[in-house]
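Novice: These protein sequences, in sequence, are chains A and B.
First residue of the first sequence: 26, per my numbering; consecutive thereafter.
First residue of the second sequence: 26, per my numbering; consecutive thereafter.
It is worth saying that the hints were derived from the structure and are not from the lab.
A hint or two may mislead.
[Stated by the list, open to error] Here are some chain B residues pointing at chain A (derived, C-beta under 7 Å):
id	residue
1	Pro35
2	Val70
3	Leu87
4	Val92
5	Leu98
6	Ala101
7	Glu102
8	Asp107
9	Ala108
10	Ala111
Note that CB positions come from ideal geometry on N, CA and C, so glycine has one too.
Listed below, chain by chain, are the residues.
Protein chains: 2
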Amino acid sequence: MSLTPRLIVPDPDTAAAYYQKAMGAEEVFRAQDESGRVMVVVLRVGGSPLSLSPAVTDWGWLSPDDVGGSPVLLEAEFDDQDAVAARMVEGGGTVVVPVENRPYGKREGRLRDPFGHLWIVTGDLR
Amino acid sequence: MSLTPRLIVPDPDTAAAYYQKAMGAEEVFRAQDESGRVMVVVLRVGGSPLSLSPAVTDWGWLSPDDVGGSPVLLEAEFDDQDAVAARMVEGGGTVVVPVENRPYGKREGRLRDPFGHLWIVTGDLR
Chain A
26 MSLTPRLIVP
36 DPDTAAAYYQ
46 KAMGAEEVFR
56 AQDESGRVMV
66 VVLRVGGSPL
76 SLSPAVTDWG
86 WLSPDDVGGS
96 PVLLEAEFDD
106 QDAVAARMVE
116 GGGTVVVPVE
126 NRPYGKREGR
136 LRDPFGHLWI
146 VTGDLR
Chain B
26 MSLTPRLIVP
36 DPDTAAAYYQ
46 KAMGAEEVFR
56 AQDESGRVMV
66 VVLRVGGSPL
76 SLSPAVTDWG
86 WLSPDDVGGS
96 PVLLEAEFDD
106 QDAVAARMVE
116 GGGTVVVPVE
126 NRPYGKREGR
136 LRDPFGHLWI
146 VTGDLR
């Protein structure tokens, strides 16, 4: 069994470039339809898979802007969470809760990426 | 690095019981606040982590009902995807797209669980 969160985004290529630059994600697979439209891009972020698909209203594939938010927090653990958060903001993300040491033993914060997906950027105290 | 999708749900215990029964998920961790309220339940579904937290509007932790849907599809691979889908429906989920063999070499379907989260239930052709 494997579990892959598939994020619906306005444009998978734009989103893939953002996650590659901000989080060091690597592209491992992509599939296009007959017209050449990118229907899915699969990334690996560290050891974990993450996939991206375009919004297709007729199929119920809705982006955060279409839905009006997101009920899923993507909790991602990094060695350099401060740098990841800084690069997320440089690329157009916004800080919801700053990256700070927390009493429960993690240094973490919460960010909204430019596509409206919500991230907990976490890691060890420093 | 690890990536854990955290699903915001009305009640983490109810949701944990549902994913345990439907998907064979196992609970590996939970944390409560000072009043005893469950703030996070961490499950493993096959080899992958999945966590659950309650809706807390003030924190921007919103459930699918609060948001009006979800822009994240949880793509989960099983050996017995037909049985998983059947158990998801028995527990109150709804079929969006039936589990069927697809021309791209997967047997899969799409379901909405009782809490409004969206699942691609997938696996090998049979």
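Novice: Hint by hint, say whether it matches the structure.
Specialist: Status of each hint after checking the structure:
1. Pro35: With a minimum Cβ separation of about 11 Å from chain A (threshold 7 Å), the hint on Pro35 (chain B) is violated.
2. Val70: holds, 5 Å
3. Leu87: Since the shortest Cβ distance to chain A is 5 Å, the answer is holds.
4. Val92: OK, holds: Val92 (chain B) within 7 Å of chain A, min 4 Å.
5. Leu98: Holds, because the Cβ-Cβ distance from Leu98 (chain B) to chain A comes to roughly 4 Å (cut-off 7 Å).
6. Ala101: Holds - the Cβ of Ala101 (chain B) comes within 7 Å of chain A, reaching about 5 Å at its closest.
7. Glu102: Since chain A brings a Cβ to about 5 Å from Glu102 (chain B), closer than 7 Å, the hint holds.
8. Asp107: violated, 15 Å
9. Ala108: At about 13 Å, which exceeds the 7 Å cut-off, the nearest Cβ of chain A leaves the hint on Ala108 (chain B) violated.
10. Ala111: violated, 17 Å
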